[in-house]
Structure formats: structure tokens, C-alpha cells
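Undergrad: These protein sequence lines map, in sequence, to chains A and B.
Numbering of the first sequence is given in my numbering, commencing with residue 1 and proceeding in unit increments.
Numbering of the second sequence is given in my numbering, commencing with residue 1 and proceeding in unit increments.
Hints in this document: simulated from the structure, not taken from any laboratory.
Every residue, glycine too, gets a C-beta built ideally from N, C-alpha and C.
Each statement offered as a hint is correct.
Not everything, but these chain B residues come out facing chain A in the computed CB check (under 10 Å):
{"id": "1", "residue": "E9"}
{"id": "2", "residue": "N112"}
{"id": "3", "residue": "A145"}
{"id": "4", "residue": "K201"}
{"id": "5", "residue": "R223"}
For lysine to any residue, the following SDA-like pairs were computed, each having C-alpha atoms within a straight-line distance of at most 25 Å:
{"id": "6", "chain 1": "A", "residue 1": "K54", "chain 2": "B", "residue 2": "V13"}
{"id": "7", "chain 1": "A", "residue 1": "K54", "chain 2": "B", "residue 2": "L12"}
{"id": "8", "chain 1": "A", "residue 1": "K54", "chain 2": "B", "residue 2": "T32"}
{"id": "9", "chain 1": "A", "residue 1": "K68", "chain 2": "B", "residue 2": "L119"}
{"id": "10", "chain 1": "B", "residue 1": "K201", "chain 2": "A", "residue 2": "W27"}
{"id": "11", "chain 1": "A", "residue 1": "K24", "chain 2": "B", "residue 2": "V11"}
{"id": "12", "chain 1": "A", "residue 1": "K68", "chain 2": "B", "residue 2": "A121"}
{"id": "13", "chain 1": "A", "residue 1": "K124", "chain 2": "B", "residue 2": "Q178"}
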Amino acid sequence: MTDTIATDTLVDWITRFRDAVADKRDWLTELDSAIGDADHGSNMTRGMAAVVDKLDAGAPATADELLKSVGMTLVSSVGGASGPLYGTLFLRMGMTAGAVSELDAAALAAALRAGLDGIVARGKAEAGDKTMFDAMNPAVDAFDAAIAGGADISSAARAAADAAAAGRDATLPLVARKGRASYLGERSAGHLDPGAASTAILFDTLAAAIAGSS
Amino acid sequence: MKKLINAPEDVLVESLKGVALAHPELSVDLETHVITRADAKAQGKVAVVSGGGSGHEPLHGGFVGPGMLDAAVAGEVFTSPTPDRVQAATKAVDRGAGVLHIVKNYTGDVLNFEMAAELAAMEGIEVGTVVVDDDVAVQDSLYTAGRRGVGLTVLLEKIVGAAAEEGQDLASVVALAQRVNGQGRSMGMALTSCTVPAAGKPTFDLPEDQMEIGIGIHGEPGRHREPLAPASEIARQLVEPILGDLDFAGPAIVMVNGMGATPQIELYLMYAEVAALLEEAGVQIVRNLVGNYITSLDMAGCSVTVLKVDDELLRLWDAPVNTPGLRWGA
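Using the sequences plus the hints, can you model the full thing?
TA: Right under this line is the structure:
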């Protein structure tokens with residue numbers, strides 16, 4: 001049973017996310033070429049490299065400072081729509097997590113929910129718009145449901161990752177209603193949303209980091 | 001990919017170095033990618049800031065100077081600049097009378113400028129914003145991010161820049177910007193895709209005998225694709241949606257803009273076609289621009305922008321401007 005995660009695990013998560021985004025850089029950019037402007041892979045790779053460089057120089061000891069630092073670095077290094085959206089996710093997670101060195105399942109759930117709410121407030125996306133929300137919303141719901149069903153934090157994170165992947169795949173047939181892809185109208189159908197794809201990676205690396213720490 | 005570059009990741013900064021060398025009348029910050037006028041505007045005047053992804057040159061850096069922009073913030077290629085940089089530009093040019101942000105309606109630009117305005121407000125700088133959304137290619141704004149901001153941005157920056165230069169207050173400048181946005185429309189097309197240096201290959205495949213109608217300025221595919229047609233037919237396909245969206249009878253400023261890889265001879269040819277169609281529809285072209293003003297890297301193609309004007313807008317258009325990309329009367 002994994003009952004809590006320490007800030008080390010959060011750092012491990014962020015580092016794994018950086019590595020996975022760099023590995024999938026070309027794929028993310030390809031997805032973005034189809035319906036956007038061909039920069040999602042390079043922007044996220046640049047942003048996450050900056051985040052990990054900053055953490056390497058000295059990671060804050062508390063979850064709030066750590067997550068807020070991640071958020072601010074993303075806001076100031078990614079650009080595009082992903083910078084403000086991913087940045088807001090981590091900033092809100094940090095504000096909700098508070099000055100603690102460990103998060104239990106309920107605290108992580110609350111932080112993820114706050115991050116999701118932040119993304120909705122900034123991007124105004126709804127289910128089915130073909131955005132990162134379509135992967136993140138089911139992931140956060142699945143995390144909550146798993147915890148409510150008595151799962152430990154590790155199983156809940158895995159359930160969230162699976163839900164994010166399913167949410168990503170479900171964006172394939174959708175017609176985009178937000179972001180640059182929306183300008184394509186019907187032609188945006190038949191492509192995965194790049195933001196949903198990177199979000200699925202975010203939850204997959206969270207699950208891997210938590211599993212690795214237990 | 002064949003380009004005059006050293007390494008894809010260095011394109012922006014190395015280009016900005018060139019801008020600084022070529023234009024001593026501008027001041028270029030290689031850290032924040034902010035371009036400002038070397039001689040700052042007088043205290044008490046509204047400052048005008050714009051910006052967005054790079055790759056649209058001369059927009060926006062080429063329009064910094066007396067009578068137009070006080071600062072331009074250059075993002076990575078086709079990627080909006082980050083909020084801290086927009087805020088740095090805002091702070092650098094504020095002369096105590098507030099700052100207008102001119103934002104093209106693209107999700108990334110809107111989100112980053114919105115966060116920048118929040119940051120500026122925290123420092124006590126009053127920011128007004130106009131979101132330019134002139135692209136008639138995007139038809140249904142209820143189910144999209146709304147019309148894109150494209151060619152009208154150039155005309156708006158000129159007119160609003162003149163108003164700020166002559167000392168109009170922030171509320172008037174914002175109202176003027178919104179009026180210009182309401183009276184202008186654009187439509188674009190592509191003969192080829194562009195190639196983003198970091199991606200290394202064309203953003204979309206466009207067969208030799210096909211064209212994209214209704215493109216934006218980032219190599220995003222257009223609304224539809226069809227067989228390549230003669231210029232007269234292309235002009236009709238660009239002008240008709242514009243005239244169908246707003247009654248343009250009367251005086252207007254018209255821009256035929258190249259997307260980066262279309263030669264001037266073709267742009268003038270297109271201008272003749274566009275002018276004939278507009279005249280037929282009762283539009284009286286009182287001023288024009290023909291050339292590369294808001295480009296999409298090495299994309300071949302063009303866009304048409306029509307702005308309905310009255311005496312006031314025309315007076316502001318004719319006011320002196322002295323920038324690398326537009327210069328008259330100065």
C-alpha cells in the first residue's frame with residue numbers, strides 16, 4: 001500500500017514527464033502538424049527541460065513551493081496555449097497542496113482537481129471540445145473514484161493514467177471546438193488532440209513515479 | 001528543409017541580432033525578445049504593445065517606431081510569447097498613461113496576454129486590450145475559438161499607433177481599436193505550406209495542382225482544398241466572403257498581402273484582380289498596401305484585407321509613421 005507521496009516523488013514525476021515528453025517530441029509535433037501549428041512537442045520539451053534544470057539547481061522542500069515553481073517555469077518558458085494551461089495546472093495544484101512535505105491520496109486528489117479547475121477557468125474548455133481537458137477530466141474523476149473505492153494511491157494513479165489514455169484516444173473522432181484546431185472544422189476529425197496526448201503522458205508518468213517509489 | 005539558418009533553436013535570437021544591427025533606431029533585448037523604440041515616447045502618452053509568434057515578419061517588430069508600436073514581443077516561431085515577456089515590454093514602455101495590448105485572436109496569444117495583463121495590473125499599470133478577429137474564413141464562432149486575427153492587425157496597429165502618438169487617452173485608444181476591428185475583414189489562401197525550422201518539414205502536404213483556401217498565418221491548413229485556379233478566380237474566392245460579411249460600399253483601405261514566398265509581380269497582379277472586384281461592388285479604394293506585411297515564413301500565397309474608413313480613420317492612417325516596415329510623412 002502506498003499511503004502518501006513525498007516531494008521526492010513529485011520531483012521524480014516531473015523528471016519522468018520531462019524524459020517522456022522529450023522521447024515523444026516528434027510524435028507530439030506530428031499530431032500538432034495535422035490540426036495545429038506543429039510546435040507542441042518542441043514547446044513542451046523546451047518547457048520541461050527548463051523546469052528540471054531549475055529543480056536540479058535546488059528543489060523546494062514543500063509541495064506548494066515545488067509545484068508553484070514548476071508552474072511558473074512552464075508559464076515563462078513554453079508559450080503558446082500550453083504554457084498558460086500547463087502552468088496554471090501546476091500553480092493551482094501547488095496552492096491547494098500547501099506547505100507540506102507529503103501528500104496523501106485525498107490531498108493529491110484535491111490538488112489534481114484544483115489544477116483541472118484552473119485549466120477550465122483559463123481555457124474555458126468543456127468535455128468533447130477536443131482539448132487536454134478530454135484526457136484530464138476522466139483522469140481526475142478516475143483518481144477520485146478509485147480512492148473512494150478504497151484503492152491505494154498507486155492503484156488510483158494507475159487508474160487515472162488509464163482513463164487519461166482512453167480520453168486521449170476518444171479525441172480521435174472529435175471535431176475541435178477550441179484552440180487552433182477548431183479552425184479546421186470537420187477536417188480536425190480523425191486526429192488525436194496533441195494536448196490530450198501530452199496529458200496522458202503526464203498521468204502515465206505520475207503513475208510510474210508513484211509505483212517506483214513504493 | 002533548405003533555409004538560411006545555423007541551427008533551428010537559434011533562429012529567433014540570431015534574427016533579432018540582425019534586427020538590432022540593421023535598425024539602430026530600435027532597441028532589441030535579446031533576453032526577453034522585446035523590441036522597443038530607442039527614443040521612448042513622451043511621458044503621459046498611451047503606449048501600444050503587440051506581439052505574437054515569430055515568422056510573420058515584418059509583423060510585429062518591423063512596425064515598432066514613432067506613429068505605430070512602442071514595443072513588440074517576439075515569441076518562438078509561431079508560438080506566442082510568454083506572459084513575463086509581454087509584461088516586461090509593457091513595463092518598459094508605460095509612460096504613465098496606460099498601455100494598449102493588441103492581440104491576434106489565437107488561443108495561445110489570448111491566454112498569454114491575459115496573464116500578462118494580470119501581472120501588469122498587479123504592478124499598477126493600466127492595460128487595455130483589443131483582440132483582433134478579422135478572418136472571415138472562420139465561419140461559425142460559436143463552435144470555434146472565434147475568428148482568427150490576421151491581416152487587419154497591420155492596419156489597426158498603424159491607425160491606433162497614430163492615435164496614441166497624438167495623445168489620445170487609453171479609453172479612446174481602446175474604443176478606436178475596437179471600431180477598426182469591427183470594420184475590417186480578411187481572407188487568405190496558400191499555394192504551398194510553410195516549413196517551421198524546428199519541425200524541419202512542411203506543416204502540411206499540398207499537391208502541386210491544389211490550393212488551400214481560408215488559411216491562417218501559421219501554416220495551419222485552411223477551410224478547404226481545391227484544384228489550383230487562375231488568379232481571377234482566386235481573387236473572387238477571397239473577395240466574395242469579405243463582401244458577404246460586411247457592407248463595404250464606400251471608402252476603404254485595401255491590403256493585398258504576401259505570405260512570404262510569393263513575388264511582388266504576383267501580388268500586384270492579384271491587386272489588380274481584387275481592385276476590379278471591389279470597384280464592381282461599390283468599394284472605393286482610397287489607400288492601399290501591396291506587399292509582405294504579415295507573412296507565414298516561406299508559405300506561398302496571399303491574403304486580402306479590406307477596412308471601411310471614414311475621415312477620422314483616414315486622417316490617422318495618413319499620420320506620419322517611421323518604422324522598418326511602414327514609413328511615410330516622417
